[in-house]
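Residue numbers (the numbering used here), protein chains in the order written: chain R, 3 to 498; chain A, 10 to 635; chain Y, 21 to 187; chain B, -15 to 85.
These are computed hints drawn from the structure, not numbers from a lab. Careful: at least some of the hints might be erroneous.
What the hints assert, rightly or not - Facing chain B, according to a computed beta carbon distance under 10 Å, are these residues of chain Y, among others:
#, residue
1, I41
2, I92
3, W108
4, K109
5, L144
6, V149
7, F170
8, L178
To be verified - Every beta carbon over 12 Å from chain Y, so not counted as near; a handful from chain A, in silico:
#, residue
9, L17
10, R35
11, R38
12, G67
13, E118
14, E308
15, N365
16, N493
17, R545
18, P564
19, F571
20, A615
21, V630
All C-beta atoms in this analysis are idealised placements derived from N, C-alpha and C, irrespective of residue type, glycine included.
What follows is the residue order along each chain.
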Amino acid sequence: MTVLTSLPQFPWLSLLIVLPLVGALLCLMHSKRPADCRALSLATSLAVFGVALYLFICHGQGEGRWLLYEDVSWIERFGARYVLAMDGIALLMVLLTSFMQVSAVLLAWRVERHVSSFFALLLLLEAGLMGIFLAYDLVLFYLFWEVALIPMFFLISVWGGANRRQAALKFFLYTLVGSFFMLIAIIALYQIHGAQSGVYSFVIGDLLQTQLTAAQEGWLFAGFMAAFIVKSPLVPFHTWLTDALTESPAAGSLDLTGLLLKTGIYGLIRVAFPLFPNATENFLPILAILALIGLFHAAWSAYHQDDIKRLLAYSSISHLGLVVLGLAAWQFTAWEGSILLMVSHGITTGGLFVLVALIQERTGTRSMKELGGLWGQAPCLGFLFLLFSLASLGLPGLANFSGEILVLLGTFQQHPLWAVIALLGVVFAAAYILRLVQGVLWGPAYKERSVPDLTLREWIILLPMAILVVWMGVYPEPFLAPMHGAVETLLAGGLP
Amino acid sequence: MNESLLFLIPLLPLCCAVIIMVFGMRLPRLFAEVLAVTGVAGAFVLTVLFWGYSEGEGTRAVLFTWLNSGSVDISFALHFDRLAAPMTLMVTGVATLIHLYAVGYMHEEKDYARFFSLMNLFVFAMLAIVLADNLLVLFLGWEGVGLCSYGLIGFWYQKLENAKAGTKAFLVTRVGDVFLAIALLWLFAITGTLSISEINAQATSLSPGVVTVVSLLLLLGACGKSAQLPLMTWLADAMAGPTPVSALIHAATMVTAGVYLLCRLFPLVSLSVVAMTAITAIGALTAIYAATCALAQREIKRVLAYSTMSQVGYMFMAVGAGSVAGAMFHLLTHAFFKALLFMAAGCVIHLAGEENDIFKMGGLTRRGPVELFWVFLAGAVCLAGLPLTGGFFSKDGILLALFTHPDPVYRVFWLVGVVTALLTAFYTFRLVYLVFAGEYRGVGHPHVLPLLMRWPLWPLAFLGLLGGLLNLPAFVGGSETLHNWYDNLAGRTVTASHEVEWMLIVLAVAITAIGWFAAHWRYRIYRAPQENAISRFLLNGWYADALVDRLFVRPFAAMGRFCSSGCDRTLFDGTLNGLAKMATGWSALIAQMTTGRLTTYLSAFAWGFLILLGWFLLKLVSGGGH
Amino acid sequence: MSALLFYILGFIMLAATLLCITRRNPVHAVIYLVASFFALAIMFYLLGAPLVAAFEVIVYAGAIMVLFLFIIMMLGLAPQETPEGPGWKRWGPLVLLSSSLMICTLMLIFQDPAASKEIGAFYLAPQAVGEALFGRYALAVEVISFQLLFATIGAYMLGKPLSKGDQ
Amino acid sequence: MMIPFGHALAFAAALFVLGLTCVLLRRQVIMILVGVEIMLNAASLVFVASSAYWQQVDGQIFAIMLMAITAAEVAVALAMVVYLWRRKRTLVADVFNGMRG
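One chain only, chain R, in its complex shape (with noise of 0.2 Å):
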């Protein structure tokens, strides 16, 4: 291990992951009085959002293999240690979950039941994600994977739609089957692994040095790969998806889309790969076929839906599809850009879903053949509409481009075949977006409802969004340029 661990610094990692679950706390304390706990809950994940700017700021370019580490003993017992460690993707994830935890937060204001509870739980998802990202010990990398799921589940289970208990437990039942195969193989390789040196640990620094042989590396990488695959979500284990991201409430359905489905993506990144190299190098075409499965079954389920959150759910599932497959082409380029497209996606299409919430809340549906004709009505939403979804279509300029372009790029040095039929996805893509945005925009308006147009509030969730697209999309440098160092590492295989 390195002996960054003695470097004395403020806990700014801990911080990150201390300060939602004390706002969750507060929020549960002041059940009694729901204005207080919206104000607290938009304090704390502000506070949290200031942090990960001031981190992303101050910290952004440090050298060496993290920007920031943090290593306590934790349970001595089992030689599992409270380690967080930050690198660069980690740090554009870490900024990506506080910025769209504040634009849930001013999106659930005006939830009516259990307020106290909802924002509580959404911290708490909060700081279950910050775990996710932050985590460098396989038993604490586990316990936030759990903690995010639970919050999860009750924010779809109990502010839900219609059909929000079947989704909820879809949801959960996937995930938590897929965990277990998780939970199964981290207890496998810290045997092995202990057995190898003697020294117990769950760090996954101490993990990669374990000598494995080709059978136990492929089923350990197996029960990583089930949880991640299923959270990511691939074809076929991609059903819990449409149907939680349709049921959810419209803050839950913005951390779904926006920052869950990542954490599939990044367990990939962070563990699954590092530890088991050559599986990996394997598994690589039969993940890039999931992938290209999943992008174009899920841009044709897509088309198909008159749901328009369904469709989005869709769609999310073909973009993440484009990620997986810049990952499987494992070249610097593409998984930048898969990386670039993962921040950028959560964007887009956490702004679509904003948008389709505001647009339920006004005209009380969500199916295209009632829709229509908004553009007229609320020009200013339709505009931001238009924005985003073009946005999520792949136009040059804004911000899926910058993230698919550079995929594509990577990905055809390497295997020009994948590259040329994830193509053909976006042509599809183009499809079901222009078939969306006719539905819900184009066409004659319903006389007989009054469509307001954006509030403040909803401005102020929005702008930064918008802006975010458009600068992603013009000017990537910033979001690049954090993550060279740690993608080099990660490609190389030569971890610390």
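Based on these hints, arrange chains A, Y and B on the given structure of chain R.
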């Protein structure tokens, strides 16, 4: 002056677009209009001012890094050279006139902010294509053009058909974009750069097979934007947009982008004989296809749309025959007279009381200002290729290039070009006769033509008629200005004996005359059209839409249904529900054993105890005691 | 002599127990059981455990079984459990189970060489037991005393009159 | 005393099996408890016999503790019997099947 000021040329329309988009509805209408026109006119003036930069190898300017990751290092960079300069001038110039016209045309439209901001954005995107230094910036403009056409064709979105036409334009061109993107990725993979000039420089060192494939991909990409076979179906429907938009799409922006792309990458494309032949073949096929379709159209703008397709086919043929100068020459003259024709058609439609059908027009010389007839005629004779007009010289140059090409197969293309010219002359004059000759057959009341819709036509008529001077052939005493200006970028120098040239000219004149006379004979006096299978076939564009629908759209929708209902609902969810049912069944079975009765549990415990004991015993017996 | 006595007592104990478990009247059953415990107490004495024997009589036969009797009488339990009595179907398998258990256990016991060794003469004075109990096993005694306390509290809680909801 | 250790154990086993039979055979809760007592006594017998066999005090100690624990158990169990009787006016064990799956 600093060369990065060159960025003002595309950024001026962009900034105006953004300002209008954000503040348009809050500011007075006049402000938005002035801003829109100023943006484009400013770009025109700047182009003139910066003309000097284009000489020699041209000037490169880098704004800032766009994407930087690993070996990818792409900047927002532009390259103002001899190929880009005239194109920029044309785009901004024609677009300025169109914008002026649009101010008049849209004076009753309430949603003007969206319109003008999209128009300015459109010009920006086209300038990005023209000025791009690397293929990614070009791709930015390329997609941007698609987006703007989407927004503008579907501008009157309340009618769902308009929105659908816009969507169609975006989607069909996007299919072409995919091929362009593949070419882009491929070029990057083999050359390690996306800079156009570097790719052109490295072209000779690439393997011929790769060059051929990449060129064909580029061709398909160009086909999408330039509405060539097989990706041409969107253009006719694009008439759903306001007339200034049609003018912009057909004359200054969008459809010419494909031709420009091929000219830009000509050093690469020209290396492949197969690709060059394919380009010519596609151009020729489209030219004759569109010309036949134009014969039977009833809507004035559709006739013009098909004529555009046909004329762009000529430009493709020119590129295929190796004459970049010829292609660009035709592109420029075509831009002038087609913008003119569209804008005049807009006036005509206004006069006919928003009537599109040419069979319900007629006698419009007497209903509106007579000058309209003259400017429309000026455009028409250019299109028909009447001698001494701009269109005549540019088209003749292309036919000459085809005729003199060493490969004998080009004679076939040349013949197609000649036949197309005949058809062009025929349908052009058919249009003129149906619209202007005879008595008025419609019922609509004429609208008043605002001044702004009238005077922008004059400069265009002037340019169209005298456009030939741009590149007057040597044998009629010209100096081939454009060809010399392009210098080493001009492609193959067409050399032919004077006899051949004169023969071709005489032939062209004869053909135009025949077309005119045929139209004169058939349409001078109005006769009601007869419906028959052939006319329906041509009217529907050879049923290409239906074919596309059958071949692609329906299978796609079916696939969507299959994936969503078939796979997800039935297969995946069904399997899981089955598993869940099975688990529930098992659990019910096990739950039955949980009777809740103490006695059951106790006896189960006792039996278990017995088994345990028995096992011990067995172990002892098999172990032979201790 | 004492060996013979041991066997006689053993058979008395088994017979009393058998009668106990087959009586339909619970009062009779408990009385037979008391008899069985007396026999057992004397067996304890023969095995050199006078203190345990005394406790067996005082605590088991004297206190616990009397408690049983109290409860049975207090609740006025009917002698008959079920009108038709246990049928073959019910106790046939039980006899099979019990006998096979018995056989298995006996086989297990007697295959061990230690089973045939004789128990030597042994006598443990109550004082020695007391010293061990409050010396080495003091902590265990404390724990058990706690348990008795809790049991008392538990019995008290259970014995409270039912609240209305439970009825 | 000249009896083999095995015989003492055999008596204990027989007592135990009788107790178990009682537990399984009888339906009344109180008789089930009686069966439990019988089995506990069988255990006591083993403890005491072992104590004599190994000449050690511990077996007897455990027998005494067993009695103490049994006393506690019986106290609670009989209290429950009373409780159950109050609720359902019967002590037939099969009636109490509230834990049914």
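**Study point:** Hints the structure fails to honour
**Key:** 3, 4, 20 and 21
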